Amino acid sequence: MNSATYLSFLEIAAGLVILCAIVTLWRRSLRAIVRALAVQGMALGVVALVLGLHHHDDVLIVVGCLVVGAKGFFIPTLVKRVLANEPMSRETSPLVNVPASLVGAGALTFLAYGATRPVVALVSTSAGRLIPLGFATLLIGFFSMVVRRKAASQIVGLLLVDNGIALVAFLATAGVPLLVELGASLDVLLVVVVLRVLAVQLWSKFAVLDLDELQELHD
Amino acid sequence: MNQFAHFMTQVLVAVVQVFAVAVGGPLLLGLMRKVRSRLEGRVGAPIHQPLLDVRKLFAKQRMRPRESSWVFGAAPVVLVATVVAVAAVSPLATTHPPLGQSSDFFAVVFVLLLGSVVLALGALDTGTAFGGMGSSRSMTIGALCEPALLVAILAMAISARTSNLPALVRVGLAHPAVIASPARILALSSFLVVILAESGRLPVDNPSTHLELTMIHEAMVLEYSGADLGLIIVGESMRLVFLLGLLVNLLVPWGVAERPGVLFFCVGLFALLAKVAVAGVMIAIFEVFTAKMRLFRLPELLAGGFVLALLGAVTAVVAR
Amino acid sequence: MLAFILLLVPLVTGCVAAAVGWRRWVGWLCTASLGFVLVTGVVLATRVVHRPALSEFSGALRVDALSAFMVIVIGAIGLLAVCQSVRYLEHEISSGHSSTRRATLYAVLVQGFITTMLLAVVAGNVGVMWVAVEATTIITTFLVGYRRTRGALEASWKYVIICSVGIALAFLGTVLVYLAALHASHGAHASLEWTSLMSVAHHLDPGVMRLALALLVLGYGTKVGLAPMHSWLPDAHSQAPAPVSALMSGVLLTVAFYVLLRFKAIADGALGVGFSRTLFVTAGLLSLAVAASLLLSQRDYKRMLAYHSVEHMGLIALGAAAGTPLAIAAVLLHVLGHGLAKAVLFLAAGEILLVEGTTEIDQVKALLARRPALGGVFAFGLVALLGLPPFSLFISELNMLRAEVHVGLGWVAAVSLVLMAVIFGSVMSHGRHMLFGARPDGEPVHKSPSLVTVPLIGALVGCGAIGVLAWPLDSLLRAAAMVVVK
Amino acid sequence: MNDVYVVAVGLAGVMGAILGGALPVSSRVGAAVALTWVSCAAALGAAVTVLSSDHVITLSTSAILPLTGVTITLDPLGAIFVIPISIVAMASTFYWLGYAGHGLSSRSASSAMPLFVTSMLLVPFAASVATFLVLWEMMALTSLVLVLTDQSRREAARSAAQWYAVMTHAGAAAILLALVLLSAHAGGQTFSDIEAHARHLSSAVRGTVFVLALLGFGSKAGAVPLHVWLPKAHAEAPGPASALMSGAMVNLGIYGIVLVGNRLLGGGPVWWWLLVSVLGVMSALYGALYAATSSDLKRLLAYSTSDNMGLILIALGASGLFGASGHPTTAAIAMVAALLLMVNHSVFKGALFLAAGAVQVATGTRDLDRLGGLMRRMPVTGIVFLVGALSVAVLPPFNGFIGEWLLLQGLLHGLPTSNTWVVISISAAVATLALTGGLTVAAFVKATGIGFLGRPRSDEATAAHEVAITMRVGAGALAALCLVLGLVPMLVLPAIERAAASARQVNASSVTSGWVSLHLLGLRGVLAPSLLAAGLASAALVVIVIRRIAHRRRNAWPAVNPVEPWGSGRKLQTARMQYTATSFGEPLLRVFDDVIRPSRDLDVSHLVESRYYIERIAYRTSNDDVIERHFYRPFIAGVRWWGQRARSLQNGSVRRYLAYGFVALVIVLVAVT
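Chains as they are written, first to last, in my numbering: chain A, 1 to 219; chain B, 1 to 320; chain C, 1 to 486; chain D, 1 to 673.
These aren't lab readings, by the way, just hints derived from the structure by calculation.
Some hints here could point you the wrong way.
Below, computed lysine to any residue pairings styled on SDA-like, alpha-carbon distance capped at 20 Å [stated by the list, open to error]:
1. A:K205 to C:E443
2. C:K447 to D:S108
3. B:K292 to B:S225
4. C:K447 to D:I549
5. C:K447 to D:V591
6. C:K486 to C:R147
7. B:K34 to B:A45
8. B:K292 to B:M282
9. B:K56 to B:M282
10. B:K60 to D:I544
11. B:K60 to D:I549
12. C:K486 to C:T359
13. A:K205 to C:R51
14. C:K365 to D:A156
15. B:K292 to D:R107
16. C:K447 to D:G21
17. C:K365 to C:K447
18. B:K56 to D:I544
19. A:K205 to C:H97
20. A:K205 to C:S99
21. D:K571 to B:K56
22. C:K365 to D:S152
23. A:K80 to A:S8
24. C:K486 to C:S99
25. C:K447 to D:S152
26. B:K292 to B:L192
27. C:K365 to C:K486
28. B:K34 to B:N206
29. B:K56 to D:V560
30. C:K486 to C:H97
31. C:K447 to D:P24
32. A:K80 to A:G69
33. A:K205 to C:T195
34. B:K56 to D:A156
35. B:K56 to B:Q101
Since the structure is predicted, the reported quantities are computational estimates derived from the model, not experimental observations.
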């Protein structure tokens, strides 16, 4: 793979990651959001694969395949199960409306570029220039957790945060040591499982879907 | 032997001073009443009438309220004892009284205060409304007098650099300018106000009233009878004479015995009695033309006394 | 092998519990496993206090004085909490709130919880520390939601969502540290071993390290309970079973703080102390202010204790901001003292909830008159927590403040003292409502089971003893402080 | 050998606490008292050793208190504070033997009392920041436990305890900050390190430290406006505890000011001491005013404590002012006066509080309006109270007078030699001194006269009996000491002079001499307290003899005849017709209306038939603390308001919680770039 194709593949995949993040803010249908998440997971896997192929790093190729499998298929399926409970699977009234959220996403992207200057300067490879996209994905994910009301939206938001971090990790360091990477992925997986269990219990026992109903514990 | 003689002389001086004050007190009361009567166009009782009254009272039965304690009986004794104790050691007839070195103005004032406090306690011990009323009012007045008194003493003491009483008198003799100094004038006027208030004279209290609601001092001693009442009359009048004696010796010290010797002492004694008598007459004349103030306007008078004293103290410091 | 065995024992105990199911003796076995942890901690401490760190599995597990101290903290407070779990579970089962199956789950999870915390403190690799801390989140989520009431589920949802976000940020910070280390060592043998990071600390890129440390403080700060990411804490601590609250508040928070201390040492090497000091002072003061504000009209005594944890974590952060050896030694003493006192209070609060049936401050009255032993324990626990001698929190707070003033943070010390006085006032007023007053006519004096009171009194005595006696902790504290202060 | 004293003080206290908490009710108080006595005796031994020789006891160990260690030093300044504490403690704990049966024999009280005494005794021994603060907080904590003795029965006790705890804690925080600032800037936490370096600190740091210390220690001493806890806590604490708090603990506030201001910082500029004087003037006036108008016996005594502490502060301030303007002699006299006032106050206030405790035991009330006639029913307690009252009213021949006289002499001789600011402030101080003197006299005539004389105003007072012998002995010992110190001040003056010299860090030189008459060396001032007393006694004897002779000569009446008193012709006099404490204080309340602003409430209900006939008149006045009402209450309300507002921070919404984190993240990212 020559460096030009490598870079354009990398740019497309990383661009897809942030695009999917923005799509989750844009769309109201929860199913569409989960689909975007799946695409994002696959794009992330592709980033790892491309990096692995370019650097001839077998471990990274394996990780890339795992990421495609886990983040592209398995986790979205888990999240979809949460949606199965919900008759009205739409984010009806987010705290901030869609146009404003999109503007916010733009601003966050700017912030990401600003904040990551030292990192980009340090990495100084062509892949490193894409790091701000990871940060932007993280911030958008965090933002959507703040403005969205549904349990599923929050899980998706958390996963966006996680994907953003993974993107940064791949681009900046070509992956942290394998043991840590595996542990981290396993932890994320488990968190999603835990969240799913909790969401199902909240729905089945107390019919709670909207997170704003979760305000019993307060001062 | 010489020391013994000295000691005996001192005792004698003390006894004479005390005796003079003790006899002079009731006599001064009689004198003031006489002056007053004359000015009001009456003949009035003889000057020695209070002495006769006291003699009569000593012959009468002592009674005490049913629920009172030993404090009631102790009060007149302590009252008289305090005046006796300070009269013995103060520079009344001579500037070298017994224990004159330790005859401190503050100590004298606090000893006299002990007498008033015990009398107020005795009044409360009667368990009547009048006792409490008199005690409360006299303590209020006392509380407001004390600042004026202490600051007045301080004003005089600052310029003399001591609060020793004989020394204060001697300073006046040695440097007459000190007497005319604004500090001492202001302080002594404040002292006068305090004397009038403390000894229950007009305009603070009417000594001849028998209307219960306006009484202050008389309300306190309402339950006393016999020898106790006699002691109180003597004690109160002794206190008046003593305080006036101090006042005149600080104001016009001339005549007081500066040196040891019987003659000097006799002159001093005579001068003292004459000066006190003049002061008494002046107070009596003043009282004829004065009405009693309302109780709750008294703070104004005493605050005035306090301010005078404070000004005195400040001028004393400034003029150092 | 000692560190490995240390991890293995609670793990095996958990497996045994899973295999045989809940029995009373299983409860005591679990307690014994914590006793083993405590003893091992002491043994490790004696080994490393004056000697270099123990290293096992080529540095995967590494025990220095700081780790050993944390093992002791985990062991001591874990012992207390696990032995109280026996009574808690038996009561839950007998009152029908819980089944044997769920009790088994509880026992297994608690052992797993202990194991992951131990892993976090003996791991030599900061990545493994991260994995361990994240694992504690997952395990405790189930423990927080153990009672499966609506409130418990709500608390676990908030707990897991907020902590996951926080810990994700911490992961990003770790990645950035790794990145900086890669570049500092020019690609050769870059690893996330703490010792190797420390050895290159001076060459780490300052720009990246600033970003990394900020993310780490925010991320691990979530688990520590530092404002503004503290908000899961009152909910989780008030809903969890009392022994779990004790463990979380007494140990879990400080285990996360331990990791933060390790990172702070690296960042200080790269950046100097100024930057980390700004971050820690901000977080600490913010935590104190939040705790002070929310304690004022607090109505729930378990939440009151939770906010108290926020306060103490803020104090610890301020102490760490000072960063002198004395300050860090005081911070560590505070960690132990706070852990003991807070565990005692949460366990006592659990007992109060058990017998009074409410967590509202207004509903609990005259404890000292009605339940002298329990009320006394609660009262002394509050005294300890408010930082009065003879309890160790006083001496540790004093030394933290000394260190703060010494490094020129006098205004921070002053502000924190003011906020602590406000907290003192409000806790005093809540305590007054709960503890004082007359026993209603006809109500007998209740006795509390000695199974509850004796261990709690023992812990309070321990908290007092470490506050009065310098031996044997003094040298360990100083050695531990020197690990992270250069 | 001397180390043994220190160890014995501490060990006996801890043993006493343990035994007091562990033994059964029959023996715990006895054991606690015995060990407290051991502790006191050891402390007394140490203090006397230090004061009688130039030897300073020092001891330090790093085995106690982690990270800091303990440093102990007893110098003459500390020793002079140890002595009154141990004396009051011995009397109070002996008194406690009899008081224990009246609700002071619980485990907590029996355990707290020895520890309280020991920590008070050890505070002057402390010679490092950590040691001092630990002992200081132990003292606060144990006294808090004692204030809480009656908590299950009295809401007032709970409220008092809360005020006390919070104010003390705030004060301790100020002290802590002051000492920590000093230690951080001086580079060591022992007092000797600080002393060595403190002179070279910047004046801003020194000033901050002094102000903080003044606030913290002033609050412990009950200085107005930091006094609000004092009338509550001292009034609610049970008898022996309140005597210890008012007679011993407040002294340590003074000790702290001297320690920081004079010893550690080595004196300071004029404004420091002006501040001290202003605090003193405010405390003295305010305390005296409220004492004069209060009708709760122990509250009155507590306000009087504020008053007396104010006098001591005035003396300290004067000493500092004279010292700062270069007049060592008057500065020395003022310092000696301050310490003498402190010693005297301990003795007479201890006696007064013990007597008040006895009254409370005998009648169950502290309300003066429900007392009366106790002098006949409780003669020993009555005399103790009377002696204490005369002492506090600075009347000869009791000890209060000597201190006041010395202070007046100091001011008198210091005034003419000072600059304008000093003159103005000292003049104000003198005026205050004079006014408070008068008000105090009124207050204590009221307390004694209404409380002990006249007729009983309630059934409880009618049924009162004298208290247990141990209580009488404990209180009586202090009263006797009032007289002894009033007659022979030389018993303590040499020691006080040594302490004053140590406080001012100059070589010890006498400022007074003479056993019979007290001479001020270098100045013209002499007082002969014992001769004065002898004169009074002999004069009284003569008067009594004369009165008796007059009687005997004339007739044979029975000595004194008890009769019904005069009631304006009304035959039956009831106890309700007497003046009460409220009515006694009414004229003064009226005079100081503008300061105290009492709330008066006149409620007249007329008959339905005619407005000219009155069915009932209810008249209420309350003179609750005006500073508390106008400064503390609004502050508390403000804090509460904030507490209510802040609850919305944590409103339960997980999205809001996440928003906190998000905003923090954004801020951090912006800040880092």
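Hint-by-hint comparison with the structure:
1. Under the criterion of a C-alpha separation no larger than 20 Å, the hint pairing K205 of chain A with E443 of chain C is inconsistent with the structure, at around 39 Å.
2. Between the alpha carbons of K447 of chain C and S108 of chain D the distance comes to roughly 17 Å, so the proposed pair stays at or under 20 Å and holds.
3. A C-alpha spacing of about 26 Å is found between K292 of chain B and S225 of chain B, which places the hinted pair above 20 Å, so the restraint is violated.
4. Distance restraint check for K447 of chain C and I549 of chain D: the Cα-Cα separation of roughly 73 Å exceeds the 20 Å cut-off, and the hinted pair is therefore not satisfied.
5. Annotation: proposed proximity of K447 of chain C to V591 of chain D is violated, straight-line Cα distance about 57 Å (limit 20 Å).
6. Restraint check for K486 of chain C and R147 of chain C: not satisfied, since their Cα atoms lie roughly 46 Å apart, outside the 20 Å limit.
7. The suggested pairing of K34 of chain B with A45 of chain B holds, with an alpha-carbon distance near 7 Å, which does not exceed 20 Å.
8. Of the supplied pair hints, the one linking K292 of chain B and M282 of chain B holds, its CA atoms being roughly 17 Å apart against a limit of 20 Å.
9. Pair hint K56 of chain B plus M282 of chain B does not hold up; C-alpha atoms about 29 Å apart against a cutoff of 20 Å.
10. With a C-alpha separation of about 16 Å, the suggested pairing of K60 of chain B with I544 of chain D holds against the 20 Å cut-off.
11. Taking the CA atoms of K60 of chain B and I549 of chain D, the gap is near 13 Å; set against the 20 Å cutoff, the hint holds.
12. The suggested pairing of K486 of chain C with T359 of chain C is violated, with an alpha-carbon distance near 46 Å, which exceeds 20 Å.
13. Among the hinted pairs, K205 of chain A with R51 of chain C is inconsistent with the structure: their alpha-carbon atoms are about 56 Å apart, more than 20 Å.
14. Restraint check: the Cα-Cα separation between K365 of chain C and A156 of chain D comes to about 16 Å, which is no more than 20 Å; the hinted pair holds.
15. Restraint check: the Cα-Cα separation between K292 of chain B and R107 of chain D comes to about 63 Å, which exceeds 20 Å; the hinted pair is violated.
16. Restraint check for K447 of chain C and G21 of chain D: satisfied, since their Cα atoms lie roughly 18 Å apart, inside the 20 Å limit.
17. The suggested pairing of K365 of chain C with K447 of chain C holds, with an alpha-carbon distance near 16 Å, which does not exceed 20 Å.
18. Between K56 of chain B and I544 of chain D, the direct Cα distance comes to roughly 17 Å. Compliance with the 20 Å bound is thereby established for this hinted pair.
19. For the hint linking K205 of chain A to H97 of chain C, the alpha-carbon distance of about 16 Å falls within 20 Å, and the restraint holds.
20. Of the supplied pair hints, the one linking K205 of chain A and S99 of chain C holds, its CA atoms being roughly 18 Å apart against a limit of 20 Å.
21. In summary, the hint linking K571 of chain D to K56 of chain B is not supported, as the alpha carbons are separated by about 28 Å, beyond the 20 Å threshold.
22. The hinted pair formed by K365 of chain C and S152 of chain D meets the criterion: a straight-line CA distance of about 11 Å does not exceed 20 Å.
23. At roughly 32 Å between alpha-carbon atoms, K80 of chain A and S8 of chain A are farther apart than 20 Å, so this suggested pair is violated.
24. Straight-line distance between C-alpha atoms of K486 of chain C and S99 of chain C comes to about 52 Å, which puts the hinted pair past the 20 Å bound.
25. Restraint check for K447 of chain C and S152 of chain D: satisfied, since their Cα atoms lie roughly 18 Å apart, inside the 20 Å limit.
26. At most 20 Å may separate the alpha-carbon atoms for a hinted pair to count; K292 of chain B and L192 of chain B meet this at roughly 17 Å.
27. At roughly 51 Å between alpha-carbon atoms, K365 of chain C and K486 of chain C are farther apart than 20 Å, so this suggested pair is violated.
28. Our distance criterion of 20 Å between C-alpha atoms is met by K34 of chain B and N206 of chain B, whose separation comes to about 16 Å.
29. Taking the CA atoms of K56 of chain B and V560 of chain D, the gap is about 17 Å. The hint holds against a cut of 20 Å.
30. Our distance criterion of 20 Å between C-alpha atoms is broken by K486 of chain C and H97 of chain C, whose separation comes to about 52 Å.
31. For the proposed pair K447 of chain C and P24 of chain D, the alpha carbon gap of about 18 Å is at most 20 Å, so the pair holds.
32. Restraint check: the Cα-Cα separation between K80 of chain A and G69 of chain A comes to about 16 Å, which is no more than 20 Å; the hinted pair holds.
33. Between K205 of chain A and T195 of chain C, the direct Cα distance comes to roughly 49 Å. Violation of the 20 Å bound is thereby established for this hinted pair.
34. For the hint linking K56 of chain B to A156 of chain D, the alpha-carbon distance of about 57 Å lies beyond 20 Å, and the restraint is violated.
35. A C-alpha spacing of about 39 Å is found between K56 of chain B and Q101 of chain B, which places the hinted pair above 20 Å, so the restraint is violated.
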